[in-house]
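*Asks:* Sequence:
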Amino acid sequence: MESPKSEQALYAFLEGLGIEVRTYRHEPVFTVEDAQAARISSEGGMPGAHTKNLFVRDKKKRRALITLEENRKVDLRTLADRIALGRLSFGSADSLMSYLGVVPGSVTPLALYNNRVLEGGTPPLVFAIDKHLLDGDLINVHPLHNAATTAIKPSELMRFVQACGYTAQVIDFDTLS
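First residue of the sequence shown: 16, per the numbering used here; consecutive thereafter.
Think of the hints as simulated: they come from the structure by calculation, not from any bench.
Heads up, a few of these hints could be off.
Cross-link-like lysine-lysine pairs, in silico, DSSO-like; alpha carbons within 30 Å at most [what the hints assert, rightly or not]:
| no. | residue 1 | residue 2 |
| --- | --- | --- |
| 1 | K76 | K20 |
| 2 | K75 | K146 |
| 3 | K74 | K88 |
| 4 | K168 | K88 |
| 5 | K76 | K146 |
| 6 | K146 | K168 |
| 7 | K74 | K20 |
| 8 | K67 | K168 |
| 9 | K88 | K146 |
| 10 | K20 | K168 |
| 11 | K75 | K20 |
Label-pair distances were calculated between CB atoms; the ranges are [what the hints assert, rightly or not]:
| no. | residue 1 | residue 2 | range |
| --- | --- | --- | --- |
| 12 | T190 | G60 | 17 to 23 Å |
| 13 | D49 | R97 | 15 to 21 Å |
| 14 | P62 | D189 | 21 to 27 Å |
| 15 | P62 | G101 | 23 to 29 Å |
| 16 | K76 | T182 | 28 to 34 Å |
| 17 | D152 | S107 | 22 to 28 Å |
| 18 | Q51 | G135 | 39 to 45 Å |
Note that the structure is a prediction, hence the values are computed from the model and not measured.
Note that beta-carbon positions come from the ideal geometry of N, C-alpha and C, so glycine has one too.
Produce the complete structure using the sequences and hints provided.
*Replies:* Following this line, the structure appears as C-alpha cells:
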C-alpha cells in the first residue's frame, strides 16, 4: 500500500463519486463510550446509526474489517465461520496501518480508500457490515481519524466500498449466536 491519504483526499474521492457527507468535529474518541459522549456534546447531535469497527486476522494472516452497530456484541468464533476465515484475533497496530492507513481508534470503512483494489485485483482483506446498519437513513463513521465523525447514507457507503474494489459481506448479526 502507498502512504495513507488525507481526509481532504478522501472527501475529494467521495465528491468525485457524487457522494455527499456531513462531518462533525470533536475531541479524539477511542471507545464507544467516548463517541457517545462526543455526540451528546455535539451541537444538534449526530443523527443516524453509530458504528464500531473491528480489524481482525486469522492464523493464516488473512485480514477482515468488520463494521457493526456500536452496541452490538459479537462472538468472534461464529463470525469467523460466517466470513470464511479461521479463528480470529485482533490485528496489530502495524498491520492496521499497513492495510488501512489508520491507527487504533480510527478504524473505519472509509479507510478502504487507503487500500483500493485495482480492477480485477484481489482485495487484500474481507469487508463485512452489519445488515441492520443498512436499514437506516445514515451511518456515522470516522474520516480516517478519530477527531471527527462523518455521516453517510448507507447506499452511498456501499457505493464507496464498491468504488474501492471491495464487495461487502452483509451479515445479520442477530442470527450469529
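*Asks:* Determine for every hint whether it applies to the structure shown.
*Replies:* Here's how the hints hold up against the structure:
1. Simply put, K76 and K20 have alpha-carbon atoms about 24 Å apart, close enough for the 30 Å limit, and the pair holds.
2. With a C-alpha separation of about 27 Å, the suggested pairing of K75 with K146 holds against the 30 Å cut-off.
3. For a cut-off of 30 Å, the pair hint linking K74 to K88 stands: about 22 Å separates their Cα positions.
4. A hinted pair counts as satisfied when its Cα atoms are at most 30 Å apart, and K168 with K88 qualifies at roughly 23 Å.
5. Of the pairs offered as hints, the one joining K76 and K146 holds, with about 26 Å between alpha carbons and a cut-off of 30 Å not exceeded.
6. As the CA atoms of K146 and K168 are separated by approximately 14 Å, the hinted pair is consistent with the 30 Å bound.
7. For a cut-off of 30 Å, the pair hint linking K74 to K20 stands: about 29 Å separates their Cα positions.
8. Distance hint between K67 and K168 is fulfilled; the C-alpha atoms sit about 17 Å from each other, no more than 30 Å.
9. Straight-line distance between C-alpha atoms of K88 and K146 comes to about 14 Å, which keeps the hinted pair within the 30 Å bound.
10. Distance hint between K20 and K168 is fulfilled; the C-alpha atoms sit about 22 Å from each other, no more than 30 Å.
11. A hinted pair counts as satisfied when its Cα atoms are at most 30 Å apart, and K75 with K20 qualifies at roughly 28 Å.
12. Roughly 31 Å separates the CB atoms of T190 and G60, a value that falls outside the hinted 17 to 23 Å.
13. Remark: the range hint 15 to 21 Å for D49 to R97 is contradicted by a beta-carbon distance near 29 Å.
14. Taking the beta carbon of each, P62 and D189 are about 23 Å apart, inside 21 to 27 Å as hinted.
15. Our hint of 23 to 29 Å for P62 and G101 is violated, since their Cβ atoms are close to 38 Å apart.
16. Between K76 and T182 the Cβ separation comes to about 21 Å, which falls outside the hinted range of 28 to 34 Å.
17. At about 35 Å, the CB distance of D152 to S107 disagrees with the hint of 22 to 28 Å.
18. Between Q51 and G135 the CB atoms are about 41 Å apart, so this pair conforms to the stated range of 39 to 45 Å.
Checked against the numbered hints listed earlier, the structure breaks hints 12, 13, 15, 16, 17; every other hint is satisfied.
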